[in-house]
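Each number in my numbering corresponds to the 1-based position in the sequence shown with 35 added.
Hint data in this document are derived by calculation from the structure and do not stem from the laboratory. Some clues are possibly wrong.
Listed next, with one range per pair, are the computed distances between beta-carbon atoms [said to hold, decoys possible]:
#1 338 - 501: 50 to 60 Å
#2 60 - 427: 43 to 53 Å
#3 232 - 322: 21 to 31 Å
#4 352 - 278: 48 to 58 Å
#5 260 - 495: 32 to 42 Å
#6 477 - 278: 50 to 60 Å
#7 292 - 60: 52 to 62 Å
Even for Gly, the Cβ is constructed at its ideal location relative to N, Cα and C.
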Amino acid sequence: MSEYDVVVIGSGPGGYVCAIRMAQLGFKTAIVEKYPTLGGTCLNVGCIPSKAWLESSERFYDASHHFADHGIETGKVKVDISKMSARVQKVVSDTCGGIDFLMKKNKIEVLRGVGSLKDKNTVVVKGEKEIEVKAKNIVLATGSKPSTLPFIKLDKERVITSTEALKLEEVPKHLVVIGGGVIGLEMGQVFLRLGAKVSVVEYADSMIAAMDSELGKNLQRVLKKQGMEFYAGHGVTSVERKGKKVTVVAKKNKDGKEVKIESDYCLVAVGRRPFTDGLGLENAGVQVDERGVVVTDHNLQTSVPNIYAIGDIVKGPMLAHKAEEEGVYVAELLAGQKPHLNYNLIPGVVYTWPEVSSVGQTEEQLKASKVPYKKGSFPFKASGRARAGNESDGLIKVLAHKDTDEILGVHMIGPRCADLIGEAVVAMEFRASAEDIARICHGHPTYTESFKEACLAATEDRAIHI
36 MSEYDVVVIG SGPGGYVCAI RMAQLGFKTA IVEKYPTLGG TCLNVGCIPS KAWLESSERF
96 YDASHHFADH GIETGKVKVD ISKMSARVQK VVSDTCGGID FLMKKNKIEV LRGVGSLKDK
156 NTVVVKGEKE IEVKAKNIVL ATGSKPSTLP FIKLDKERVI TSTEALKLEE VPKHLVVIGG
216 GVIGLEMGQV FLRLGAKVSV VEYADSMIAA MDSELGKNLQ RVLKKQGMEF YAGHGVTSVE
276 RKGKKVTVVA KKNKDGKEVK IESDYCLVAV GRRPFTDGLG LENAGVQVDE RGVVVTDHNL
336 QTSVPNIYAI GDIVKGPMLA HKAEEEGVYV AELLAGQKPH LNYNLIPGVV YTWPEVSSVG
396 QTEEQLKASK VPYKKGSFPF KASGRARAGN ESDGLIKVLA HKDTDEILGV HMIGPRCADL
456 IGEAVVAMEF RASAEDIARI CHGHPTYTES FKEACLAATE DRAIHI
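Starting from the given sequences, assemble the full structure and let the hints guide the process.
Structure representation (structure tokens):
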């Protein structure tokens, strides 16, 4: 029986990054993966293919709608969905190959099969053969699966999750999206750009409800301008499929008024749930809460001292970058180091266009906790760089403490905001004030100047270009 210092179960962003850091620190490491390719949901049926679809669909949409604004005449452009899909799969395949290379480079043993706990030091791997391996420490990184509503039957043909949406072989005529969160809006915009009618049904009163409300309102306005249809504040009561037709019925929360939407596809995007099915947690005594989340302490240690859990199966936002940081944290902790992980500064990003990003506290949270704050906003329509790029929708909002000027939250919607949020995270990690950023020279003309201008606005309302 093989013995390892560490066995990681699951090769998503949390798992494979954890394994690499373990190996770098000198631990004899193995990683268990049940699927043919490494990378987990993010790489195979999540972050990477969805971004590839967003990129391709945006190119098509720009050619169809915006090239003429730049003096480029293209004639009628067409979508070849099979070629577009092939490009997406190549991106996924190439990236998977990169992770395979990293496993070999770091001398990490990849164990193919379904991993489960036999006891606190033994992992059973059921692949072509069933084997058992011993581990001094075990890291659980099995990720999450799409959630659904109890009354919705997912047939994975017409009533689908994001996994199936990424592999559709045709553009829907009418796609109904249940859920106005990150996944629903990203995939909704992909098919909207490619020619589908898209209707979004969201229980909350605004889209991306977990983010600052100003972002949700602005994103909904822009997407509506692009042609997306919204039913905010509506609860779905039934989803029925007959042949190639899917009927979604929803009721308005305020007055109970019913709406019936007929479509050919329904994407259910109501969140995700921790995936620990068949993991054998009970065999080792690992505790989970009533929602299926693995219970951990502040060091990501489970109820069993040598077993750790990271990523989507523990509390906190289900984000790949959060899982990666947790994987590194556990590795460095086991090596006797003093790792650092600030859960208050994990950025959230929505890869629609305009992009949306956020870090720190929202205005609603500051009001609820009675923290004295001030804010500064800067619209992209006042940015020369944004106007040059024909990308003037959106704004950057900075929230700072009223007395100390420390930045408490930054919320963005607009061009390149997925990347722009990085500067805000660095600033807040080092507890910068709004004036600290306002006094730093930013290149001109750049999108980053808008962050500086928002900080100027938060500092004595002295933005230059508004």
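message = Just to be sure I understand the hint, the distance between the Cβ atoms of residue 232 and residue 322 should be within 21 to 31 Å; is that true here?
response = Hint violated: Cβ distance 47 Å, outside 21 to 31 Å.
request  = With 50 to 60 Å as the target window, see if residue 338 and residue 501 comply at their CB atoms.
outcome  = holds (54 Å)
Assessment of proposed distance window 48 to 58 Å (beta carbons of residue 352, residue 278) = 39 Å Cβ-Cβ, so the 48 to 58 Å window is violated.
query = CB of residue 477 to CB of residue 278, is that within 50 to 60 Å?
reply = About 57 Å separates the Cβ atoms of residue 477 and residue 278, which means 50 to 60 Å holds.
inquiry  = Holds or violated: the 52 to 62 Å window for the beta-carbon distance between residue 292 and residue 60?
reply    = holds (59 Å)
message = 32 to 42 Å was suggested as the range; check whether the CB atoms of residue 260 and residue 495 agree with it.
response = For residue 495 against residue 260, whose Cβ atoms are near 34 Å apart, the range 32 to 42 Å holds.
query = Cβ-Cβ distance between residue 60 and residue 427: within 43 to 53 Å?
reply = For residue 60 and residue 427 the Cβ distance comes to about 48 Å; the hint holds.
In this structure, the hints that do not hold are numbers 3 and 4, in rising order.
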